[in-house]
Structures are given as structure tokens and as C-alpha cells.
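Student: Letter by letter, the chains look like this.
2 protein chains.
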Amino acid sequence: MKALLIVSDGMGDRPNKKLGGKTPLQAAETPNLDYVAKIGCCGIMDTISPGIPPGSDTAHLAIFGYDPYEYYTGRGAFEALGVGIRIYPGDVAFRANFATFEEQENGLLVTDRRAGRKVPEGGKLAEKLNKYRLKTAKDVKFRFEHSVEHRGVLVLSGSGLSYKVSDTDPHETLQMVHECKPLDDSKEALKTAKIVNELNTAFHEILKNNPLNQERISRGEPPANGVLLRGAGILPKVTPLNQMYGVSCSCVAAAALYRGVAAAVGMKLFKAPGDTATYETDEESIARTVLDILPENDLVFIHFKPTDNASHDGNPELKAKMIEKLDNMVGKLVEGIDLENEHYIAVTADHTTPCSVQEHTGEPVPLVMAGPGVRTDQTTAFSEIDCQRGGLGRLRGKDIMPIIMDYLGKTRIFGS
Amino acid sequence: MKALLIVSDGMGDRPNKKLGGKTPLQAAETPNLDYVAKIGCCGIMDTISPGIPPGSDTAHLAIFGYDPYEYYTGRGAFEALGVGIRIYPGDVAFRANFATFEEQENGLLVTDRRAGRKVPEGGKLAEKLNKYRLKTAKDVKFRFEHSVEHRGVLVLSGSGLSYKVSDTDPHETLQMVHECKPLDDSKEALKTAKIVNELNTAFHEILKNNPLNQERISRGEPPANGVLLRGAGILPKVTPLNQMYGVSCSCVAAAALYRGVAAAVGMKLFKAPGDTATYETDEESIARTVLDILPENDLVFIHFKPTDNASHDGNPELKAKMIEKLDNMVGKLVEGIDLENEHYIAVTADHTTPCSVQEHTGEPVPLVMAGPGVRTDQTTAFSEIDCQRGGLGRLRGKDIMPIIMDYLGKTRIFGS
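Chains as they are written, first to last, in our numbering: chain H, 3 to 418; chain R, 3 to 418.
Read the hints as simulated data drawn from the structure, not as lab findings.
Take the hints with a grain of salt, since some may be wrong.
Pairs count within a copy or across copies, as identical chains cannot be separated in the list.
Unchecked claim - Listed next, the in silico BS3-like pairs over lysine-lysine satisfying Cα-Cα at most 27 Å (straight line):
#, residue 1, residue 2
1, K24, K4
2, K140, K183
3, K4, K20
4, K183, K126
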């Protein structure tokens with residue numbers, strides 16, 4: 003027995019006037035999702051709890067079976083894992099941007115939070131940054147790693163660190179770089195904040211004088227003369243799924259965060275060729291990759307990103323189209339598996355992102371599960387509305403993984 | 003975006019033979035509630051948890067979003083707030099009745115728990131009581147305040163007090179006044195119980211000799227010669243709604259307890275003219291008051307009392323009539339708001355009070371929510387039975403406020 007768990011990012015929505023009062027999922031042509039709904043059992047799921055808008059990281063932790071109120075320890079470590087950076091227990095990781103700073107009397111002004119987005123010099127600049135030695139804490143080391151475009155990760159390693167510190171990133175342009183502040187009264191948070199503030203200044207000094215930045219300026223490009231940090235996080239102290247259930251599990255995803263959460267809970271990471279996590283993503287390639295790796299896995303988690311992009315762009319028609327891409331992917335997967343005898347499939351979303359709001363909201367998401375022995379219900383279409391009357395009722399995100407593992411025969415009786 | 007939250011007290015019921023097997027809510031003509039059910043989403047709600055009969059105070063705490071198992075600290079403080087008495091953190095407040103005591107060899111017998119209900123001398127008697135100085139604890143002060151009829155509130159202020167003490171009120175006539183006992187092993191509870199017992203004796207001594215009581219006796223009225231105390235409570239340590247969500251919220255209610263819970267969670271208090279909290283209440287006046295204050299509020303909570311009165315009186319036909327009054331109020335409210343673009347409405351009950359039982363029971367209550375973007379379901383009538391198949395599924399009381407705040411755009415993403 004094997005299972006596929008498909009999470010379509012931000013797929014949940016509200017009835018939308020532009021779609022005649024339908025949700026994008028209702029408006030989309032989804033013969034394959036409807037087929038799964040018809041042979042399976044549907045429900046609605048509060049990823050965290052009713053009315054609470056989930057973040058992408060907490061949502062995936064929950065869907066993987068870990069109560070985020072207990073296990074969530076910031077986003078940074080997931081990002082690090084997601085771009086392939088090693089991180090160890092106790093390390094504090096930050097999401098980092100190369101950015102453009104302008105020196106002012108009262109501090110550093112952010113004139114471009116992404117230094118023009120294109121920073122091919124990132125790797126070389128990172129080398130220079132990594133030569134710096136910390137003065138405020140001799141027992142702490144750091145690594146800065148460039149990933150793609152303007153993005154990177156900063157990892158602090160050493161004793162007495164904390165992820166309870168604020169961002170230096172003001173999250174808006176033409177704002178001053180923020181001072182990093184401790185978010186609790188611990189000496190660990192104070193120490194970490196001091197280190198971050200030292201690095202903020204030191205990085206700017208190193209970068210502003212680098213000849214690569216002089217070349218950027220002479221080409222008319224914004225210099226990558228600063229590093230903005232946000233989302234401090236440590237590895238959550240979870241028992242990984244492979245240990246907890248004795249399963250082999252993998253993730254097929256393109257975006258770093260989702261790969262990172264999957265890695266943190268013990269999944270191997272794969273990326274399908276042509277999976278861009280954008281509107282142009284090659285959904286059939288994702289399906290092929292999943293079917294390729296399925297023989298070596300008990301569980302494959304598939305993250306489908308474009309539905310959320312359309313939600314944040316406020317475009318319900320495009321969201322419906324992206325749901326049709328998802329449906330096409332589901333169709334290819336269903337063709338390649340045996341839902342009658344051997345395989346389970348679960349399709350859901352990590353959160354609701356109404357096109358009318360363009361942000362995560364707290365409504366539940368639709369959920370369908372199908373496979374051998376799954377009790378059917380009367381639902382024949384997959385949507386937020388139809389699933390409300392489904393046989394699974396109203397579940398929480400953290401319930402999904404135990405249910406899947408139970409179908410796979412990997413749970414243990416509690417008691418005797 | 004603004005929201006109305008209507009709680010019809012004790013509205014939930016069981017199928018009743020006197021109504022041909024219908025519940026009062028099914029039997030009542032409720033075109034306006036049915037309209038809200040049709041355009042909105044329905045469900046059932048366990049105010050506390052399945053099978054647990056909620057008190058009026060715990061039920062409202064839960065509906066306002068606070069887990070009563072965590073936050074409930076007795077009823078007294080709510081009563082005090084509800085009748086407009088100032089109370090501070092650490093103060094212990096008791097609900098108080100003027101009562102008629104008869105001295106017996108082994109103590110004080112309660113011959114009328116309410117001293118005939120009419121105690122217009124209450125204010126003057128209270129003045130006399132407040133001149134007494136405590137002997138058992140010099141660091142504690144008290145205030146007795148008369149509210150209406152035979153009712154009042156006793157507030158103890160000082161250090162080292164506890165609300166974990168028992169009632170002196172035997173809750174039945176022709177029983178002895180109970181000794182106040184500590185309900186845990188703390189020295190605070192022991193100290194508080196000693197104070198209460200001292201006041202019980204002292205109040206009787208002061209009252210029995212008061213000329214106003216001699217006049218009552220000469221008129222053939224039962225003397226108000228004792229004070230029965232019950233429901234010790236302190237202010238719950240909650241973050242008020244206005245702080246938690248940054249909203250302005252108000253309460254329109256007549257009965258003290260509900261006003262008190264609302265005040266404790268940060269609501270401003272209003273009372274509609276003609277809202278008597280009885281069968282004669284002017285429901286259209288309540289609607290007018292709500293619509294009057296709505297422009298200055300994000301959330302208005304409306305408490306509708308008569309449905310519970312009919313339940314405790316065991317009269318299902320009258321309860322159905324009171325539900326029709328509620329329906330009329332809902333109709334006036336719906337006329338005055340814009341459920342398509344601007345306003346949300348939620349209607350529910352605080353608990354089930356079956357007319358056949360005449361007491362609170364643990365069944366869930368019906369719930370409907372409607373407003374812009376609310377996912378609809380197939381429910382077209384508002385009742386305990388119809389709502390069982392509604393799209394909201396089965397929720398807990400404490401989920402309601404996050405859901406409303408999420409619709410108002412007042413929640414924050416958990417995680418990132």
C-alpha cells in the first residue's frame with residue numbers, strides 16, 4: 003500500500019462574483035478531482051483551527067501531523083533545508099535578501115529590498131562575507147549561502163542562540179533597516195540580536211566596497227550592498243515520519259519552504275523538471291516524477307504552487323485555470339496508480355486564500371481521500387461547498403497523516 | 003466590515019410531543035432566520051464540549067473566544083460588572099440576596115430566599131451594612147451594593163483572597179444558612195471563608211434591628227434581615243477582545259450576567275429601552291439600539307433572554323412564540339444592514355434548555371453565519387435538525403469569535 007498526498011497551495015476560496023458566485027474550484031472543469039471525490043470520501047479541514055489563517059510553514063507542519071502550536075520554531079530553518087543547506091539542532095537560520103542600502107545620518111535606508119532581483123554575483127559576494135569573524139561572540143560561527151536570484155540563507159551556529167529575535171528586514175522599501183531585537187527576555191535572544199546587528203553593519207561595509215558592486219553601479223544596476231534578514235528559525239524537535247511510522251517518504255516540490263518542511267519531517271526531496279512553481283509549471287512532468295519515485299516510497303507528498311499565486315494576484319479566472327492544471331496532474335497520477343487495490347490518494351489545500359482578499363484566511367479547505375476500502379459518501383464533485391457535506395466531516399490538519407498512515411497499515415493500536 | 007452576534011438564551015431544545023415532535027425552533031414561524039440560513043452557512047455548536055451543559059457565564063465566555071476551562075473564575079465578578087459595580091483584579095465578588103432568616107438554636111433558618119422579592123429599602127440597608135468593619139482581617143475591605151429587587155453584590159478587596167469558597171445560600175427555603183467553606187487547601191480560601199462567615203453573622207445582627215425591617219414586619223412583609231451569598235468570583239485574566247483583535251465591540255443586553263461577561267472581555271454596554279429580558283421585551287427596540295450603535299462598532303453582541311425563560315417554565319408553545327419575537331428582531335436587523343457587501347450576522351444559542359427538562363442540557367445548539375463571501379450550504383431552514391447537515395459542521399463555542407474576526411479581517415496569520 004502506498005499513498006499520494008497532494009497539497010494545492012491556497013486552493014480554498016470564497017464564492018466569487020466574477021465567477022457567478024462560484025468558487026474557483028467550483029468554476030473549474032475538474033473531471034479527475036470529481037472522479038476521486040465520487041469514488042472516495044470528502045470533508046473539510048481546518049489546517050490549524052477554525053478561523054485561524056495558517057502560514058505556509060505552520061500549515062504544512064500540521065498536514066504532516068505535527069501540532070504547530072507545539073512544534074513551530076520559525077521559518078528560517080525550513081528555508082535553509084529547502085535550498086539544500088545543512089543545518090543542525092541549535093543552529094539559527096534566517097531567510098536573507100541581497101538588498102540595496104543607502105547610508106543616511108540616522109542609519110541605513112533600504113532603496114531596493116531585492117537589489118534588482120538579479121544578483122549573479124551572489125556566490126562570490128557570499129565568499130567575502132563568510133571571511134568575516136564575529137567580534138561580539140567568539141563561540142558563534144556563521145555561514146551565509148546564496149541560493150537563487152537575490153535570495154540566500156544566513157545560519158548561526160554555536161552555543162546559547164535563540165530564534166526569538168526580530169527581522170532586520172523592514173518588509174517595505176524606503177524604510178530604514180530595522181535593528182534586530184530580542185523577542186523575549188532570555189540572554190540567548192539578546193546575544194543573537196547583538197550578533198545579527200553586528201553582521202548587518204559588517205556585511206554592508208564588506209559589500210559596499212566590493213568591486214563587483216562597483217561594476218553593478220557602473221552598469222546602472224542597484225548594488226547588492228546589504229543583506230536583509232527575516233524569519234529566524236531553528237529545526238523543530240520532531241520525530242520524523244520515517245522514524246515515527248517506519249515509512250519511506252518523499253517530497254516532490256519546487257519552492258524552498260515546502261521542500262524544507264518536508265525535509266525537516268524526514269522526507270527525501272525531489273524536483274520535477276519543468277516544475278517552476280509558477281503559472282507555467284509543467285504539471286505532467288510533476289506526475290511523471292511522482293510515478294517514477296513511487297516504487298521506492300510508501301508516501302509521496304506533492305506540492306502544487308500556482309493556485310496560490312493566482313490567489314495572491316487576485317485573479318479567480320486564472321486560479322480556476324491553475325486548478326484545471328492541478329486536475330490534469332491528478333488525472334495523470336490516477337492513470338498511473340491502482341486506487342482499487344494498492345494506492346491511496348489525498349488531495350487538499352494548505353489554506354484558503356480568497357482571490358477577493360489576496361491573503362490567507364481562516365476558512366477550512368476541501369479534502370478528499372480515496373483508495374482501497376475507503377468509505378464512500380454522496381459527494382460527486384470536489385469543491386469547498388460540496389465537501390462540506392462529505393463523509394469525513396470537519397477535520398484538523400494534524401489528523402490527516404494519522405489517517406493516511408492508518409490506511410497504509412503503519413499505525414499502532416493505542417492500548418490493547 | 004462589521005458583525006452582529008446574536009445569542010438567543012437557551013434556544014436549543016429537543017423534539018417535543020406538545021409540538022407534534024418538533025422543536026420550538028422548528029414549530030415557530032421564522033421567515034427571517036430561515037432567510038439567513040438560506041443565504042448563509044449553518045452548523046451545530048457545542049458551546050463547551052459534547053454532552054456538557056454550559057452555565058450562562060461559561061457559555062458566553064466560550065462564545066466570546068475564551069476556553070472556560072482555562073479562564074472561568076466564578077460568576078460573582080460578572081454579576082458585579084453587569085450591574086455597574088467597579089471591581090478590580092484580585093477582588094472577590096459574590097451574588098447576594100436580601101433574604102428572611104429565622105433564628106434557631108442551631109443557626110439561621112432561611113424562610114424566604116428573596117425577602118418577598120420587593121426590597122425598596124435595599125439601598126438604605128446597604129449603607130448600614132457598609133459601616134461595619136471586619137474583625138477577622140484588617141487588610142480586607144468590603145462593599146455591599148444593592149442592585150434591583152432583592153438582589154445585590156458583595157465585593158471583598160484586599161490581599162490574600164480567593165474565590166474558591168462555597169455559598170452561604172442553601173439554594174432552597176427552609177434550609178439552614180450554610181457555613182462558607184474553603185474549596186481548596188489554600189490559606190487564601192480559608193481566610194476568605196472566615197470573612198464571609200463573619201459578615202453573614204454581622205449582617206444579620208445589623209439588619210434584624212434596623213427600623214426599616216420593623217416597618218416591613220408591621221406591614222406584614224418578610225423582613226430583609228439577612229444576606230445570602232453565592233457564586234464567588236474574580237475577574238478572569240483575559241486579554242479583552244478590543245486589545246486582542248483591535249476592534250471596537252459593544253453589547254446590547256438587559257440581564258446583568260451577560261452584560262458582565264461582555265464587559266469583562268472589553269465590550270461597551272448598552273441597554274435598549276423596553277428590553278425587559280422577559281416575555282414582554284421590546285425586540286424591535288433592541289434592533290433599533292443595535293443599528294444605532296453599529297456605526298461606532300466592529301462587533302455588536304446581542305443577548306435575547308425570553309427564549310430561556312420559556313424553557314425554564316417548561317412551555318414549548320410560549321418558547322416558539324419567543325423565537326418568533328427573536329425572528330422579528332432578526333428581520334429588523336437584516337433590513338438595516340447589508341449582508342452582501344458590508345455586514346456579517348451570526349445567530350446561535352448559549353445552550354440547549356429543553357422545555358421537557360427545564361434545565362440546561364449538553365446538546366449542541368444551532369448556528370448560522372451569513373455575510374459577504376460566506377460559503378453557502380444546502381440549509382434553507384434554521385433549526386436544531388436542519389443545522390445538523392450544515393456546511394459549518396460541528397464547532398465549539400470558542401471557535402466562533404476567531405471565525406467572525408477572520409471575516410472582519412482582524413486575525414493574524416500564524417506562522418509565515
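Student: I want to check one pair: K140 and K183. Are their C-alpha atoms no more than 27 Å apart within a copy, between two copies, both, or neither?
Tutor: within (20 Å within a copy, 47 Å between copies)
Student: Have a look at K183 and K126 and pick one of within, between, both or neither, based on CA distance no larger than 27 Å.
Tutor: Answer is neither; intra-copy 29 Å and inter-copy 58 Å both fail.
Student: Please work out whether the CA atoms of K24 and K4 approach to 27 Å or closer within one copy, between two copies, in both situations, or in neither?
Tutor: between (34 Å within a copy, 23 Å between copies)
Student: Checking an output row: K4 and K20, CA cutoff 27 Å. Within, between, both or neither?
Tutor: between (40 Å within a copy, 23 Å between copies)
Hint compliance for this structure: hint 4 is the single one not met.
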